[in-house]
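Turn these sequences into a full structure, and let the hints guide you.
Quick mapping for you: the protein sequence lines, in order, are chains V and H. The opening position of the first sequence corresponds to residue 4 in my numbering, with each subsequent residue numbered one higher. The opening position of the second sequence corresponds to residue 4 in my numbering, with each subsequent residue numbered one higher.
Hints in this document: simulated from the structure, not taken from any laboratory. Treat each hint with caution, since some may be false.
Note that identical chains are pooled: a pair holds if it fits in a single copy or bridges any two copies.
To be verified - Computed cross-link-like contacts, DSBU-like style, restricted to lysine-lysine with a CA-CA straight-line distance of at most 35 Å: (1) Lys213 <-> Lys229; (2) Lys207 <-> Lys154; (3) Lys136 <-> Lys229; (4) Lys229 <-> Lys207; (5) Lys154 <-> Lys213; (6) Lys136 <-> Lys154; (7) Lys136 <-> Lys207; (8) Lys229 <-> Lys154.
Protein chains: 2
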Amino acid sequence: MPDAANSPGAQLGAAPRIVTACVVLIGDEILSGRTRDSNLSYISGHLNQIGVQVREARIIPDVEETIVSVINEVRARHDYVFTTGGIGPTHDDITADAIARAFGVPIGPHPEAMAILETHYRETGGEFTEARKRMARIPEGASLIANPLSKAPGFQIGNVFVMAGVPMVMQVMLDSLTPRLEGGATMRSRTVSGQIGEGTIAEKLGALQKRYPDVVIGSYPYYRGKIFGTSLVMRGVDAGLLDEVAGEAAALIRGFGIEPVEGEPA
Amino acid sequence: MPDAANSPGAQLGAAPRIVTACVVLIGDEILSGRTRDSNLSYISGHLNQIGVQVREARIIPDVEETIVSVINEVRARHDYVFTTGGIGPTHDDITADAIARAFGVPIGPHPEAMAILETHYRETGGEFTEARKRMARIPEGASLIANPLSKAPGFQIGNVFVMAGVPMVMQVMLDSLTPRLEGGATMRSRTVSGQIGEGTIAEKLGALQKRYPDVVIGSYPYYRGKIFGTSLVMRGVDAGLLDEVAGEAAALIRGFGIEPVEGEPA
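See below:
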């Protein structure tokens, strides 16, 4: 778990540690191509703002054995794990049971979750069916993640945060759980683009990367109809250093007689 | 490797086997949220048409150790592995080297790849820089995957197919390699939707799933402004059985006084 604030390094003013996360997208519909996921990029962008870096993502089917083994693998390797999908009322919603099995704990109706749903269906006039009661089944020892939008909560157990798959619902759950996270270094980025081929600048760019090992330079070709070019994305924790490398990258492009632009191409 | 065509089962007219694949998306830009991936759903849809099921996807950073271990893990577990990203001319393009390491083979300039690129840059008037020559470095024992669009080839080694990350280029490479794949059962799907809550139909739907264990029924809530409903997606290899289950699903929705529609909601 993140401990930057309490570590001797932090007291001595050392660089904050890198806090990492894995996102696990659970659902046959993403693997089959039926649904194009939008949750990963949202979660990544949100977490980076508070100093949590998504370093891995897994997309897995609604198969209990797979969920159990993947969760146990990634929760040991990252500070945090975020899952989406599989916590609704239907037979194919098996995430909560699988997470309970991964942690070796029983699962059953959670009194607070039951109360939230009971109130919700009484107020909206919906029937609180047996199927809907399934959404109050929470692994023992987990704490709830509030869902102001559609009420049925997510939950946290250990370093694993279990959220809905519907993007609007996932987003309010992510807001609810954010105060529980302790971030580390925030990764900043700068982008410089130019209408020039990757192959033309590659050698000088490689040399630039060697001179600045603390900044990761990514090179991404782009195409806009007949116009093509390259975006250089510099990422690192030190804003001053990023300014320096972004300046060098712009100069590099200008050296080929091409005027660079800050950011992505228009 | 797929062997359905030669297996005794195939000769006796048994059901074709399930051929599985893993897609590995390589690139910091997807994890950071800068780029929203579109390759996974394209690859999944394309492969399913020829009887290859994507059962897992991994999204990993441009880190050699990670690429090596993930490739070795998933190539042992699936019939086929498809990677995208990291085979361009710049310093951050490390996929080819990582794949060579994963297979324990040397990597060097491939004569045919060199010839393709030499011709391309001569014809287009571009300089065949040292950096661009990097794109002809191919692991020993690999065969090339043609790239009619921008020429720099992908490659296949064992059951691993290495493609570019730029969607247009990935798509022509996927076309090029498709004749090499041996598919198995083709997963068909039928969708029935209705303006009804998941929680209302969940119990009857669970019972329907129990009666048809050979069809996987997925339940997906949808929201269109103030209108909400559920799409039921039936997937399986037997078209007749799918028709039967789709009919039952429609009847189930109609039983609640709601008119079902075939397919996704408008």
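Hints versus structure:
1. Lys213 <-> Lys229: within (32 Å within a copy, 54 Å between copies)
2. Lys207 <-> Lys154: Between copies only: 23 Å across chains, 54 Å inside a chain, cut-off 35 Å.
3. Lys136 <-> Lys229: between (56 Å within a copy, 24 Å between copies)
4. Lys229 <-> Lys207: Result: close within a single copy only, 25 Å intra versus 55 Å inter.
5. Lys154 <-> Lys213: Only across copies: Lys154 and Lys213 sit 29 Å apart there, 51 Å inside one copy, limit 35 Å.
6. Lys136 <-> Lys154: Cα proximity of Lys136 and Lys154: one copy only (12 Å, versus 57 Å across).
7. Lys136 <-> Lys207: between (61 Å within a copy, 15 Å between copies)
8. Lys229 <-> Lys154: between (49 Å within a copy, 17 Å between copies)
Checked against the numbered hints listed earlier, the structure breaks none of them; every hint is satisfied.
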